[in-house]
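> Okay, here's what each chain looks like letter by letter:
Protein chains: 2
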Amino acid sequence: MTEILIAGEWKAAVATGSFKAHNPATRAELRREFPVSSWSDCDRALDAAVEAARLLRGVSGEKLAGFLAAYADNIEARADEIVALANEETGLPVKPRLRDVELPRTTTQLRQAAAAAREGSWTQAVLDTKSNIRSHFAPIGPVVVFGPNNFPLAFNGISGGDFAAAVATGCPVIAKAHPLHPATSRALAECAVAAVKSSGLPAATVQMLYHLSNEDGLRLVADPRVGATSFTGSRVAGLHLKAAADKAGKPIYLEMSSLNPIVFLPGALRERGDALATETADSGLAAAGQFCTSPNLLFVIESPEARRLIENLVRLYSERPSGTLFSEAGLRGLARGVERLVEAGARALTTASADAGQRYCYPNTVLRVSGVTFLAKGEPLQHEAFGNATTVVVCAGVGELRAALASLEGNLTGSIYSSGTGEDDDLYDGVAEILRSKVGRLLNDKMPTGVALSPAMNHGGPYPSTGHPGFTAVGIPRSMVRFGALQCYDAVRPERLPAALQDTAPTAEMWRIIDGAWVQG
Amino acid sequence: MTEILIAGEWKAAVATGSFKAHNPATRAELRREFPVSSWSDCDRALDAAVEAARLLRGVSGEKLAGFLAAYADNIEARADEIVALANEETGLPVKPRLRDVELPRTTTQLRQAAAAAREGSWTQAVLDTKSNIRSHFAPIGPVVVFGPNNFPLAFNGISGGDFAAAVATGCPVIAKAHPLHPATSRALAECAVAAVKSSGLPAATVQMLYHLSNEDGLRLVADPRVGATSFTGSRVAGLHLKAAADKAGKPIYLEMSSLNPIVFLPGALRERGDALATETADSGLAAAGQFCTSPNLLFVIESPEARRLIENLVRLYSERPSGTLFSEAGLRGLARGVERLVEAGARALTTASADAGQRYCYPNTVLRVSGVTFLAKGEPLQHEAFGNATTVVVCAGVGELRAALASLEGNLTGSIYSSGTGEDDDLYDGVAEILRSKVGRLLNDKMPTGVALSPAMNHGGPYPSTGHPGFTAVGIPRSMVRFGALQCYDAVRPERLPAALQDTAPTAEMWRIIDGAWVQG
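For the record, the sequence lines run as chains A and B.
If you want my numbering, it's the position in the first sequence, counting the first as 1, plus 89.
If you want my numbering, it's the position in the second sequence, counting the first as 1, plus 89.
It is worth saying that the hints were derived from the structure and are not from the lab.
Keep in mind that a hint or two might mislead.
Identical copies look the same in the list; a pair holds intra-copy or inter-copy alike.
[Stated by the list, open to error] Each computed DMTMM-like pair below joins lysine to aspartate or glutamate, with the alpha-carbon atoms no more than 20 Å apart:
hint: 1; residue 1: Lys109; residue 2: Glu122
hint: 2; residue 1: Lys219; residue 2: Asp534
hint: 3; residue 1: Lys336; residue 2: Glu468
hint: 4; residue 1: Lys527; residue 2: Glu140
hint: 5; residue 1: Lys527; residue 2: Asp312
hint: 6; residue 1: Lys535; residue 2: Glu522
hint: 7; residue 1: Lys219; residue 2: Glu584
hint: 8; residue 1: Lys535; residue 2: Glu584
hint: 9; residue 1: Lys535; residue 2: Glu368
hint: 10; residue 1: Lys286; residue 2: Glu140
hint: 11; residue 1: Lys527; residue 2: Asp136
hint: 12; residue 1: Lys527; residue 2: Glu468
Use the sequences and the hints to build the structure in full.
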């Protein structure tokens, strides 16, 4: 049985059971056995994390940066092995996805977090020197990170964006690896442990469990020793964790579900409708649609060009091979999701069955529903069918389109495609006004997949896409503030202030607000 | 029956009942009658607020600032009348408290908010020009503000810090006035309405109800039309509202309760113990202890100086007149709170009964409890007795002191008094380390009452003093971010970007992060 990572050491779990991962491309069970941890494992990890959090308060940003950079190096040194494991456990292709996109994304995030930790501006230090009142964000305490199934490296609880942001903030992390890719998580955690050692951080800065009962998960996020939790995954699981954390008064940051609506305005379809169909299929079928920002809901106004877009989509979705899904549960969920959409009044336009072989696989699916039906059955038609299925909502006119958009739940993203000649400009304003309040990121003439690692990124949005519209999971340093507690010092003697709040900044690069103006260094 | 403020007009409430305020100094019922609103009133206000929020998205910071500044002017023009009403409804003295402290604080907050709205830096605009990804905080939507009983002007839902922050952000406010001072709220709201008109803001930017059933309050904070809620008041009410808002996925910012622990280190007591007793009595008895930051819990290590501090406190609390409490319910709550402390093992050291006359009044009370008992009975001994009662925890030694501090719930503030000669320096570090994680604001040799209107202020803290340790209710512009939703624009054409995210900043004063550096203008 594979050991769990507690306080810097690989230790036997006090297990309540065990599990093995499967290869989604063959359905074959993989050999390695992993434990389902008991509460006792959580309890050990929490105690160690509290002590690590205490020690980390005395650790410089420079030293945190050293760990993050060393970790990135270690991952690169074992890149081929890690990518092979991830490929075996997720079915995602080694190239380009894992080796050329997701692994570099992972190490880039770690290095961006290192730079932010070193530089220190994320703390938003405000100095009122006249009153001698000073405040900044300081580490919130132990952070539990629940990673999702769909990014075994870049969103992994032990190596992804939440992990990087939390550690860069000075918080120890208890990673809950996703049970669909435990061996990948194990290899990453080994890289992390080596970096913890070489950089001299407290041993329990990084800990990892592979699996928990639902009950222990709920108990974990509500534990008094926890500072905050971040979670990426399904809405059902996210809402259960949210309820448990909320009740205990514990911050929890959730990324739960999103249909990522796209509006194709008439001028854009007239201008470049065929190209837009291809663009949509490229985005919607990437990784079999298993992205948080996959376009699952398209809006058009009834017209010959709209009909042609749909025909093109049906053709492309039928022609292209269906991707491999991560698991049997994912396959069942997608099939059930599409059934629900059909029950609610959508019509499946694609008929081809997937050439699955042994893979977990579902046929690429395009559905169509009228704007009237969408307005009448908004709740079931906005139920996420996670994967390679996309619904086109055909509205009778602009009024119906606006009403349909106004009925949307909160989403991570929303896109509007418009003509380059200005003929959609009036329509754009009316549509954008409504869509803006429904999404965290508004795109123009661009697909939502591909969440750039930009400091201006918002990978967040209104409930229920996340739990709070003020936070982002991607985009360093902004994502770090989730793991900060606001701490003020009032009339505290200079020598007792943290370095970041003393008159002289700890680094020449750090930006702070001093008496009303941003000042560097 | 007094009318409610809906969509810019004074309208008859659809009332489920009525109430009258009392003069706390005489217990006399005041003549004016106010409605308890039905859900129908909330519903009207919400519909109007949604429309106002839509219109406000097109309003400049300059125009918001115009409203806030005009409102401050209007309050000053009616200052004597407003202060007289507040005095009649709360018993707080006209001078210095209401006329010289709280009213100027109120207008200062409104003008600080005006300056922040005009300047725009609160939005934290981040421009990644290379990727053309840009993001900032934008108004979250209609904000419901529940004001507390203890600051009829500076924390009033219709005029206080939350109101100012929300409007400066561009959010319409539905104020829930506190039923203990409805006529004061009415006069303030009249000033607000006049300013809405003169500045040309949407009529429903400011709305006000006087009273609601508990059920309608819970329904209000969870309503889909609400953007966010802020609440200042009791923990019981706050936690009920929190549960309702959390369940609906609606942000709620709460300021609920705080004992504001103060540690007197041995050197400080040796050096200036008598002065510290006076300082404590000054702070703890101000406004009969009815401050969020009133010092309710003092920690000392057993010594002759600690005993002398307690004797001094008993003398001062016994000698000084007992202040007027806001209401009969407040008086009952305080009496019951002190009873609970005694039941849990604290001993009341003061015996004098209050010379109440007709006032709502409770004798100034000092209690004492051992560190051992505090550790054994932490829950009941940390139950807030809101008012002029203070408990001294006498610890046998440093270890017990540290353990007692480690057992504290989250508080708004914590203070440490230490010697000026350095003899407490070692002790300080060990104590501050523990207290730091328990409070939002750490003070040195200073009482927690008097929450400066500084941009560096944190009037927030760990749960259950608030609902989230990352937000502050005082300190503009930081308090404004509570009412912002993070909105990103990805590949959006320049002319479609909001002014704050275009290449050229809308004002010369605005600070933004452009390609990694803070830039003004």
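> Treating 20 Å as the Cα threshold, decide for Lys535 and Glu368: within, between, both or neither.
Answer is within: at 9 Å inside a copy they meet the 20 Å cutoff, but 63 Å across does not.
> Is the C-alpha distance from Lys527 to Glu468 at most 20 Å within one copy, between copies, in both cases, or in neither?
within (15 Å within a copy, 42 Å between copies)
> Give the relationship of Lys286 and Glu140 under a CA distance limit of 20 Å: within one copy only, between copies only, both, or neither.
within (17 Å within a copy, 57 Å between copies)
> Give the relationship of Lys336 and Glu468 under a CA distance limit of 20 Å: within one copy only, between copies only, both, or neither.
between (26 Å within a copy, 17 Å between copies)
> If the cutoff is 20 Å on CA atoms, where do Lys527 and Glu140 land: within, between, both or neither? Let me know, please.
Answer is between: at 16 Å across copies they meet the 20 Å cutoff, but 41 Å inside does not.
> With identical chains, the pair Lys527 and Asp312 could be close in the same copy or across copies; at 20 Å between alpha carbons, which is it: within, between, both, or neither?
Between copies, since 16 Å is at most 20 Å while 33 Å is not.
> Between copies, within a copy, both or neither: which fits Lys527 and Asp136 at Cα up to 20 Å?
For Lys527 and Asp136, only the inter-copy Cα distance (18 Å) is at most 20 Å; the intra-copy one is 40 Å.
> How do Lys219 and Glu584 come out at 20 Å by Cα distance, when the copy is not named: within, between, both, or neither?
within (17 Å within a copy, 42 Å between copies)
> Is the C-alpha distance from Lys109 to Glu122 at most 20 Å within one copy, between copies, in both cases, or in neither?
within (5 Å within a copy, 70 Å between copies)
> Are the CA atoms of Lys535 and Glu522 at most 20 Å apart within a copy, between copies, both, or neither?
The answer is within: 18 Å in one copy meets 20 Å, while 49 Å across copies does not.
> Have a look at Lys219 and Asp534 and pick one of within, between, both or neither, based on CA distance no larger than 20 Å.
between (49 Å within a copy, 17 Å between copies)
> When Cα atoms must be at most 20 Å apart, do Lys535 and Glu584 count as within-copy, between-copy, both, or neither?
between (52 Å within a copy, 17 Å between copies)
No hint from the list above goes unmet by this structure.
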